[in-house]
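Visitor: Given next are the chains, with one letter for each unit.
There are 2 protein chains.
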Amino acid sequence: MTENSALLTDLYQLTMLQGYYEQGMEETAVFEFFVRKLPENRNYLVAAGLEQVLLYLQQLRFTPAEMAWLADSGRFKPAMLDRLSGLTFTGDVHAMPEGTLFFPNEPILRITAPLPEAQLVESRVINLLHFQTLIASKAARSVLVAPDKLLVDFGMRRAHGSEAALLAARASYLAGFAGSATVAAGMQFGIPIFGTMAHSFVQTHVSESRAFIDFAKANPDNVVLLIDTYDTEAAAQKVVDLAATLHAQGIKIKGVRLDSGDLADHARKVRAILDRGGLGETTIFASGNIDEFKLAELTAQHAPIDGFGIGTHMDTSADAPYLDCAYKLQEYAGIARRKRSEGKATWPGRKQVYRRYDDNGLLCGDTVTLEGTPCAGQTLLQLTMKDGKIFDRQPTLTEARDHALRQLNSLPAPLRQPAKAPPYPVNISAELHALAKIVDQRDTA
Amino acid sequence: MTENSALLTDLYQLTMLQGYYEQGMEETAVFEFFVRKLPENRNYLVAAGLEQVLLYLQQLRFTPAEMAWLADSGRFKPAMLDRLSGLTFTGDVHAMPEGTLFFPNEPILRITAPLPEAQLVESRVINLLHFQTLIASKAARSVLVAPDKLLVDFGMRRAHGSEAALLAARASYLAGFAGSATVAAGMQFGIPIFGTMAHSFVQTHVSESRAFIDFAKANPDNVVLLIDTYDTEAAAQKVVDLAATLHAQGIKIKGVRLDSGDLADHARKVRAILDRGGLGETTIFASGNIDEFKLAELTAQHAPIDGFGIGTHMDTSADAPYLDCAYKLQEYAGIARRKRSEGKATWPGRKQVYRRYDDNGLLCGDTVTLEGTPCAGQTLLQLTMKDGKIFDRQPTLTEARDHALRQLNSLPAPLRQPAKAPPYPVNISAELHALAKIVDQRDTA
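Quick mapping for you: the protein sequence lines, in order, are chains D and W.
With the first letter of the first sequence counted as 1, position 386 gets the number 392 in this note's numbering; the numbers rise by one all the way through.
With the first letter of the second sequence counted as 1, position 331 gets the number 337 in this note's numbering; the numbers rise by one all the way through.
Incorrect hints may appear among the rest.
Derived DSBU-like pairs (lysine-lysine); straight-line CA-CA distance at most 30 Å [as the list claims (entries may be wrong)]: (1) K223/W with K260/W; (2) K244/W with K83/D; (3) K83/W with K258/D; (4) K300/D with K426/W.
Calculated directly from the structure, the hints in this document are not laboratory data.
Make a model of the complete structure from these sequences and hints.
Guide: So, in structure tokens, the structure goes:
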């Protein structure tokens, strides 16, 4: 199964398409993706995943093997199968650039396409936007808590599958991480990769010192030694004792890594041992159950740690492993639509988001209104795909990362904290309120 | 990037391999995968993901493109690159069959292979076993709470990427779900797929009734109508009003779906409307924020709901989105090993798990001991791969599902509940305690 199979969709999309094709309902539909409300520990979200959405849409088609399987299933009529076999995505996409901060009820992506196309892609579009946005939003919290530390994604093993591991590496890099331990993310996205050694390397050697020497000789340009396999401070002293010998061979010990116990306490003791031993330039890197709360605690304690490997908590967004997001129909055949299901009502129509900044360049308020309505502020949704083709040159990952860092630097101070802050002001325009009323009167008529 | 790329690994595996190859450290290593402790809301875990691990190991190799990228990175010496280019997995795998229940400190998989091979695969082996075990263990809780309901995986959109969506469909089916909404999971794993309609189908039509009629005609064998877009009970009445017309065309309304509001209350009202309208056989299916706790609540309220779509909470294992699991070196070159890092010490040596059942066929206690030590009970780890080739015929997904259901039925009553129960007894044998002491004395000597 390829990562962008057209069958990566919910069955109900296909059963609905069977109805749409049969009734000739192929006029233009407008769907928007947005988040209904923020999770408990989030003050903002970071838009991410657009590049993967555009690649998915641009290459969308059913393969002959998939068509054969659909036909064999007996669920679909010949006319429907015929349409599917020729289906491509021919619509337009408007979206916030990756790295843009956003808030509840603000669409970050709008798809305008013939109804069956816009419907079919719902499941995978949500799947891609939701996950990367989830991870970028989590990662940004660590970046803001520890802007001067080297932050590296260590989460592949407990990420939810291979695509989650790769996209978490991408999303955290986008949000300001320095890179990832996941090698494939280096090849696929050009993200810097980082790596040292595991406990097994120490355990397989006759002694810890022997393991350190062998590792240093094998990786002379990247000597970061893991020192907590048996006794952390004793190992730090072994590192000091070996330094002269390695130095004579032209090898510098770049750093040591701590992975268990009281990290602040060990870091202070290890720092003292290294400094006394003349290894003032050898850095201390820490890992093991780190998240932005732990990071804030270690920073407040002035723990002498230079960098962090952040894994499970970030790659699973452990304190908020999903967003309450949706991809909803806003307009069909030129007529605005909304659903009114209890607790899940949506704002109808094609929308645009406008953002205002104060004199210090800080975000001070957004307005969600109908596309085309005059409004003060910066327009956030931009055309990114036209007639099924990626429009113009899209930002590179590095450019998106720079944009994300500028956005994060424009956050008002209370929102930058890990703790929950009063909500950022998002105004729903009078035009939207008025349209919702008209739609409701029509639908209940 | 294919889902089983050899680059789906952490960089430190490769930096360690450079050391191992340089020092000729290629003797047999034994690694085991286990969970250190249960998450808050779990009384047991369901082993899953073995099939994907075996397929990964059996096909493991670096492609020419990957080799070129590694060479270009400048990180690796020619001798190392030469070894990687010829690397395959030649080891043995012992594992608990998928669907077996297990508890903390019990290895569910053991890899015995030349050290570099056993090391390289760590990241992806954990990634595959962790995720499917996580989801199967979460799904089993819903199966035990509502054994007589139709349970369907609805989670693709908020699963963490495409592989997570596919493997969550597989893992939940393994744990007893009836199937998934994810079409690709049907093609890839042969899992039954389910689907109805979304709100957008109703919204694009001039009226709800028109939408119901069009859907029924397009999908005459699968008429399940979503009735909460505007007013749930009014829509239920429309379903009743349409039934005769559709019946005259040979179309039966199989069911209706609720997706918002107070599900128990709506279900009771809708049931009454359907029954009064002669639609006693039309089932009620519910979705929207369902998990095992909500399911227990609805069951206790005797809500007349026949089936449930369970999505986000299951596919992200929302209340426990990761397991504290590890893949650790237990033996190298015939000598037992352990690490003693604070809070993360492991039991050394090649282990086996023995399970005892009481006279009623219920689980009554496990023992973890050294492989080859006599012990009462059923042996849980079995040979599944020999010299890099899948050993014998492995169970099909259906057979694994049957095994899982038998295992769940052998759980003592307190462990079957969603609430936390006293821990199941897992005994660490005297032999293991003795070996740990010997290893520690040696390593501190």
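Visitor: Run every hint past the structure and note whether it holds.
Guide: The hints, checked one at a time:
1. K223/W with K260/W: Between K223/W and K260/W the Cα gap is close to 13 Å, so the pair holds against 30 Å.
2. K244/W with K83/D: holds (27 Å)
3. K83/W with K258/D: Holds, at about 18 Å.
4. K300/D with K426/W: holds (27 Å)
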